Each structure stands twice: as structure tokens, then as C-alpha cells.
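Participant: Chain by chain, the residues run as shown.
Number of protein chains: 2
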Amino acid sequence: MLSVINSGAMLLLRRCRGLTLLSTRRLPVAPAVASCAVRLRSSSAEDQGSYQRAHRPGWRHAVAGLLAGTGAVLAYGLHQHKAEQEAAYPIFSQEEVTSHRSLQDGVWVTYKGGVYDITEFVAMHPGGDKILLAAGGALEPFWALYAVHNQEHVLEMLSEYKVGELNAEDLKKQKTMQTLDPYSSDPERHPVLRINNLKPFNAEPPPEILSDSFITPSAFFFKRNHLPVPQVDPATYLLQVEGLPGGLLTLSLEELKTRFPKHTVTATLQCAGNRRSEMNAVKQVKGLNWGIAAISNATWSGARLRDVLLAAGYGPDVARRAGHVQFEGLDKDVTGTTYGASIPLNKAVSEEGDVLLAYEMNGADLPADHGYPVRVVVPGVVGARNVKWLGKIIVSADESSSHWQQNDYKGFSPGTDWDTVNFKSAPAIQELPVQSAITAPADGAVVDRSSEELTVKGYAWSGGGREVVRVDVSLDGGKTWQVAQIRSSEKGQAPEGTPPTGRAWAWKLWEITAPLPPGAKELKIVCKAVDNSYNMQPDTVAPIWNLRGVLSNAWHRVNVKIREDEREE
Amino acid sequence: MLSVINSGAMLLLRRCRGLTLLSTRRLPVAPAVASCAVRLRSSSAEDQGSYQRAHRPGWRHAVAGLLAGTGAVLAYGLHQHKAEQEAAYPIFSQEEVTSHRSLQDGVWVTYKGGVYDITEFVAMHPGGDKILLAAGGALEPFWALYAVHNQEHVLEMLSEYKVGELNAEDLKKQKTMQTLDPYSSDPERHPVLRINNLKPFNAEPPPEILSDSFITPSAFFFKRNHLPVPQVDPATYLLQVEGLPGGLLTLSLEELKTRFPKHTVTATLQCAGNRRSEMNAVKQVKGLNWGIAAISNATWSGARLRDVLLAAGYGPDVARRAGHVQFEGLDKDVTGTTYGASIPLNKAVSEEGDVLLAYEMNGADLPADHGYPVRVVVPGVVGARNVKWLGKIIVSADESSSHWQQNDYKGFSPGTDWDTVNFKSAPAIQELPVQSAITAPADGAVVDRSSEELTVKGYAWSGGGREVVRVDVSLDGGKTWQVAQIRSSEKGQAPEGTPPTGRAWAWKLWEITAPLPPGAKELKIVCKAVDNSYNMQPDTVAPIWNLRGVLSNAWHRVNVKIREDEREE
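So the sequences go chain by chain: A and B. For any residue, its number in this note's numbering is found by taking its place in the first sequence, counting from 1, and adding 2. For any residue, its number in this note's numbering is found by taking its place in the second sequence, counting from 1, and adding 2.
Honestly, the hints are just simulated from the structure, not real lab data. Do not rely on the hints blindly, as some may be mistaken.
As the list makes no split between identical chains, a pair holds if one copy fits it or if it spans any two.
Here are the simulated lysine-lysine pairs, DSS-like style, with alpha carbons at most 27 angstroms apart [as the list claims (entries may be wrong)]: (1) Lys201 with Lys285; (2) Lys526 with Lys285; (3) Lys481 with Lys526; (4) Lys177 with Lys114; (5) Lys334 with Lys259.
All of these numbers come straight from a predicted model, not from anything done at the bench.
Work out the full structure, taking the sequences as your base and the hints as a guide.
Facilitator: Right, here's the structure in full:
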């Protein structure tokens, strides 16, 4: 029978430990299959895109194939279960629900007056153990935070675990207690942004906007939030600095601005997941489906982290015992866990590292989405370490223990899957590799033959302050190459000059105008950049594919059709 | 008629300005064609491999094709010229020869008693204008230095320009005057080395030796000399340091060893041309035909350059006016030009740059081939900047003006050729990109099916102190990948531990043992490394091909045949 299962479904089956149990209690086979499939795409509550993608045709086909393939056994299970579901449910008090808060006692939750025993589901939850935080209580505040749950098929999955109903009095209490949508105070955003996820807000500008401006206007700068935007009162804001011989240093916003010289750096930030959609096209990965615009360039002003650490007592003795500077954001989830990350100490204290505690972006106060009132800007380093709404700095022997430092934002071999991955085996992403992409024309665009030539535009950048020194462009899929014109300033303005070695923090915009090749019906446009360590982009996506879909920096490819003139048709 | 010329010959014709003259004097068409073809492969007197390669079948075919293609006109020219050559030659005095020392007066040289008017050849000389240094005198001392000339076809080319003979008395004087072979005092070398060029000496160890030892024994360490090995007396050796507020600092070897702390660094050096042979396989490049072993790893001890610069008065004010530290070797050519290079000032003075003025290699005095008594070791930076037989250090606003810094060791687009190249447009190579190669098995090896498994071994390294964090190995040409075991120490010894961020100067050796895939008749083994900036190696050679054949770091590929057991045959 198994031979009729398609290979995708085989993969799902093989990887889902839950299925091997074939539960004898309530046979929740359908949700187990569904959640296993989801789990392949997501294993983190912070990853808001994973449930969403489950709605796509690809996902539906996979599950359909799986169900079709497993055949009669599953069909029987589903039938039997349906029959059970129609029975009347017992009534429970909140107290009874709350007594089920562990795998031993069972894990019960409530949702809109229903009581659910989700004990069996815990191991299969895409967000991992975090589900236990909801044990004994209402799901609503969690689902408000992790908005990915607000989808029909998640409700369907939940319904399979229903064991009773909450009594009317306790339900009324719950309703008045339930918190508001934690995202309700998120700021307004510009409608031009392409939204990858609404809660938390993740969005990128249209690519053609990117290459029109060396400095990305703040409203168009890509947004990558992991949690709700916190409301921070600048008058009472306090930044804490820990782990240095001077003891705890606490700085108000005013002190940060007045006690330390204001330093300005033009730096490009890039999300580790930029261009993830190209990895998804090879094989589904876990994460938001970013296009090519999860990268932007801004001018940042603030105190240098180095200066603040020196004020807090940093000295060579510290370097001998500590290796990392941890940052904690003021953005937090329902459990109070804040966003966190760390960077190597030598980057933080280097005179040439240019790490800022920034309070201005493009000459104005930081916008709420970009970390108001204070964020870290770590030039040359992946966006995820540029912690926004900065609350605390800790100098430590250890990296940040946060989920995002330890079990996310790391690169793996294309042969590593969610069953074999060992997050300890890979370093946390810091400096990013060389990158470039074509912002115009768009893939699938049509060019008239009468226009005779074509202008191709894009961006290029490399991590670690390595300057992009050349961008090669091909119109024939990589057989022949031309060198693009590069600029490192706003159009019409004089270039900023060559940055000091190792401090090229800003991207380059490039363009090339080439005649349309006679006879060609299609152009396969490719770009690749070279940085001043002469690192090149890999040719293709599949050999750098990784389960988290990060570090997607293969040659960028755009296909364009040439339309012959009407008179020639 | 031109339509019968093959495309290679077309290229040669189009690029050779000399041919467009179709000289009316002595119709030296054959040598013009020949030298143009050579010029395509070489444009530098320092490049000793170029004339040698002219002997290969590929070259002979190109010229044969060219001559066949140009047909009757050339055939007539050759015939006429041959007739002229058989006439008796006039006798000249050395004084008459010496009066021809410019393009205006004609450029005459002598060789073994013959007098040659090479005026027309000057523009076509693969080594450029340097040929004018020989004007009016004997070729022998130059050809002793640039041993690439000692080949039959070079003599054939010269013979076409013969205009007379030197009188007997002057010939006798010349013979007694002529210098000895400048390479006669080069040291003995280990016979295991694979010699790419004898004078100057360039050789690499067999690959399988490389991966047997984390520290490469000095005798096996690849040798890359640009000029004869100078004889330096350690008792009178003086190192000069210029360009700092303290004025000229002069240090004896003893002072270098005693005035500054001894610092030890394990660092891998790699020639910019390592793996050039793979680029040659795509399309001929200019340069020595290195295999995969122009890379080695040693322990170096010496004074830190930073400490010496501080002693010579380096301070923050210097950083504002200077940007480079230039090095001059004591090795020089017949014109007195020394080898030279420079590195960025911030690398030189950084506490974390670890740049050494090394006087020990692997615990002993530097060997003659590696720069005795003092060389620069610039960890993470291309071999060419690690100047040997160090004579002078100059802190300057400018890069070294040497040929090797300005017009060599730079990377270009695959579309750039010797007619379009602008050396000013590319930065001098400093940090090298991520690299790896398979040292065993060798390409073309045969494995017995009965051995059941195969061990693949190799090295991996990245420039700029970026640590290699993973090596992926494929046995099926890159379709599927496994992660290799990495070690960072001598086999059997404890690893040295994780180097500080940005200071991973030593390579990693790696290996993987995998079962022979059932049914496979051949394995297409591929390796690719990832450094901690997550830079990857490009997939293929052609898109990174460049006219100088440097920076060859595409995936390394080795094909192995599986021999079935006798009983199965």
C-alpha cells in the first residue's frame, strides 16, 4: 500500500515520530499528520510564517497525497473519530482545567469556552515546548501574540482534541481577563510595503524602490520584527550595562546623547532570510518568504558602543575573561521573554567596528519599527544582531542564550534536515557573505525590441566591512559577462570616497545599459558581486540550500522577454 | 581567405597590432605571429612560465592554424625571408652595437657573437619594455635571470632579427665579463617537490603530503620565488624602517630578536595562483601552472610588525596621513629592481592582525627559500604580500609601486582580456577568499569495490582570519552532500581550540569516510568549504576565470573509478 504514496508524503511519514505511535487513546491521526507536515516547515513559535504557508496549494497537495497514500487505516481512524466528536461534552471548571498543566497530569487548555486535552499534540507542536506555557489556561492571549494560529486549519486541528466545555461563570471571567491584541499599538506602516507577516510585522519594499535611492527612506526600510513593537517612554527609558568592572551602568536617553560623542555611520542591514523565496523554490524551508528586498541602507547616529563600554569600565583584562556582548530588547512575548542576541566582544570594542547605540535613523529619531528610542547597529553583521528597543547590554564569557542566537540564524549543509540538525554544530551568523541582486527589470518583464537597449539595476553588499569591488552582469545566463557601473552615493552626488579597509558598511548600487542582442527572444539576466577579499557568490541555490533558508546569496537571475516590434509580427 | 582561419587564430590576429604593419623592411611575419601568440599568454618578464607553455601542443596548434589560415601572403613572406638569411653578415664592433639603444636609433643586442636588430620586436616582447634594458649589450645575463628564454623557439625567433656579427676581440671581452648564473647560489631543494619553474624556483609538494601533516615541514612547504634567492649575511643584515615620526629606524637581526617580544603564529600561506591549472583547463591564462598545493601551513616566530612600527614612532597621527605599509625584498633583478609589495596600514598595526617580521619557521631559522634571515608573515593575506628577505619597510600614503602590487595579483571579470584590462580598476589582492581542495584520492584514481568504503581527505582555509566552519563533500558531482570531519591540529594531538574571532590563520584538514555507493562505476567527488562569514566557494571555474589565473577557488572536483572485484568480472 505504501508504494502508492508520493515521495513527498513518504518524507513526511518517515520524519513524523508522532505517527509511529498510532495512538490508542483517541486516534488523532489526521491532526498528527497535519501537524507533522507543518512541523517540517517550522519548529519555532517565533516563526510566524510557517502556519500561513500551510494554506498554500503545495501544502494541501502534500497532505492530500499523504492521506490518499496511507489509505484505509487512516480513513477508518477519521471516521471513528468523527463519530466520537458528535457526542455531548462534559462541563469543567477553570480549576479542573488548571489542574492539567503537565505531560503527567495531561495538558489542558481552553479556547472560546471549549476545553481541550492537547497532551498528545505537545510533541508535535511546531513551536516546540512553548505550548506548555499555555497549559491549564486560555489559548487566546498566546494566539493573539503568535498570530500564525489564526487560521482555519489550526482550529480544525484543535477541535480534534476537544474533551469538554468550560462552565459559564469561568468563561465570563476569562473574557474580561483576556488581554488586548499585543499588536494593537504597533505603528502605522506605509502601504507600499509588501507584507510577509502582519503580527509580528515583517515587510519589504518593492525592489524597484530600493535601487532608486542610495539611502533608503525609513518608511521603506525593510521591517523585521520578532514580537510586538514595545511602547517606550523616552523620559523614563533606561539602558542597563552589566558585566564590567565599573558595576551596573544605567543611562537615560538624555545621558546616552550627552555623555558620549555622537557618531554617524551609513550602514546596510540585511535580514539573514533575504532572498529566502529562492531557496523555497528549490525545496521548502522554514521562515518568512522574503524576496530580494530584506535589505536596506540608512544613516545611523548614536553613541559608539565602544565608548559606553569604556565608560562602564571595559579594559584589556575584560577581554581575557569575556568574549561576547549580549543585547536584550524591550520587546517581549507573553512569558516575558525578550528578544536577544550577542556579538563578539572584539567587534564591539574595536575602534574600527563602528558599533552604535543608535538613536537616530536618517537624521531623525528612530521610528518605532526600527527600535525607538535606542537600537544597536552592528555594521557588517546580520540584521538579527542589531537588537532594537535596546534594554540591556551584558558583557559575558558566553553568547546570548536566546533562541535566536542558539537555535536559529545559523547555516547548515544542504544535506542536514530537521531530524539531523544539531544547532550546536554551527556558529551563529554574524558577518554575512557577499550578496547582490537585480532590482530592475523584474523577472518576467517584457522589453520592446524597439527600445534597442536595456538597463539593468541592482544592489551589492558584503558583510564584515568588505567593500564590493565589482559586479558582473550576464545577459545569457552566465556564459558571458560585462562589468556594471557601481556607485556609492545618492545619484548625482559625489561618491563618498573609498571607505577605510574593512569598514565598507554601505551597499553599492550598480547599473549597466546594454544593447539588446540581435535575434534574442529572451534574456537570462544574472548578476554576481565580488568583494575586496575576492569572495564571489555561488552559482546556484541548491548546493547552499539549508533548512532555515538563510544566507541565500547565489547568483541572482531574472528572465526578460523581448517583444518584436508590431510591424515585424 | 580569412574565413578559413579558426576562431582561436582570428583572436590572435585581431589582437596583434604588430601584424597590421606587415613590415616592409624584413617582413618578420613569422616571429611576429609567434610572439603575438606568446603575448596572449604572458605580458610580464617576471612571468617565467609563459614562454615554456609556448612549447605545448595547444600552442603549436594555434600557430599552425594561424599560419595555415593566413595562407599565401605569409608563405610568400617566409620564403623571401629565408633567402635573405643565408647571405653573409657584416661585422660590427661593440661600440657600434652600443650606439643602438633606442627605438629612434634602433635597438640592437648581441647573443653568442651574433648582432640582432630587435627594434620591431620591442612592442611584441612578452616582458614589455624591460627588453630595452638589454639594448646595446649582451642578452646572456638577462636570459640567465629570466630563464624562460632558454628555449629553442625563442632562439628561432631571435635568429630572424640577425643583422651581423660581433668582431672577435669584443666577443672575447664580453665572454669574460658575462656574469655567472644568478641562480647558481640558490639552495638545494627536496626532490619530492613538483617543479613549476626552475629559475626562479617555483614548486609545490605532492598533494597527498599536504594532508598528512597539519604543520607542513619547511622542506615541503610550497616555494614561490620571483627572483634569485639573495645571499644575506646575518651578521651585517640591516632592516630599515622609514616614513614614521621617529625618522629612519635601522635594526640588526640581533636587535630585531632582542628588542621586541617574540611572537608565534601558526599561519597558512597560499599563492594567488594556487589551482591555476583548473583555470588553464577552461582557457589559457598567464602564470605558472600551479596544481592544488601552492598552499602550506607553518608556525612562524618573530617580532610583531606592530611593535616595530610603534618603536619607530607610529601613532594615531600617522594613521591620518598614511594608509599602507610597503615592504621591499633584498631579491633583485639585473636592473636592481627589488621585489616589493604593501599591505593596508590597519592590518599592520592592529593588535589582532598578527603581522610578523618572522625569523623562524617551524622552530628553526628561516630556510633560504623562505626569506632568510627575515620575512614578513601577513596572516590571512595572499602569499605575494608576505615579502621574503625583507630589506625595507616604508609607511606611506601609497601602496607599493611595484609591478606585483600594481599590475599583477589582481582579479578581473571573465570578460576582461589583455586588450581591455585596466589594472587600475581592480584592488590588489590582500585577503583571499574561502578555499578547499581534495588531496586524496587523486583525480583518476581507481578504487576496488572490495574496499567497500572510501576516505576522502583535503584542506580548507579562508583569508582574513575567517575560520572554516564546515566542509561539504559530495560523491555524486554535487547533487547530495555530507559534512566532513574537520581537524585543526596535528593528528592525534588535541585541537588548538577555537581561535579568537577573525584570527583563524591556520587551515583545517578534513576527511570523510563513506561507503562506496552500490552500483556506482565512478565517483564524482566534490568539496566546498564554508567560513564563519558563511562565504561559500563558487560552483564552477569558468565564471571566475580571469586572465591572470588567480583566485581559483571553485569547488574542487576529483573523479574516481570503482573497479569491480575480479570474481564479478
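Participant: Go through the numbered hints given earlier and state which of them the structure violates, listing their numbers in rising order.
Facilitator: Nothing - there is no hint that the structure violates, so all of them hold.
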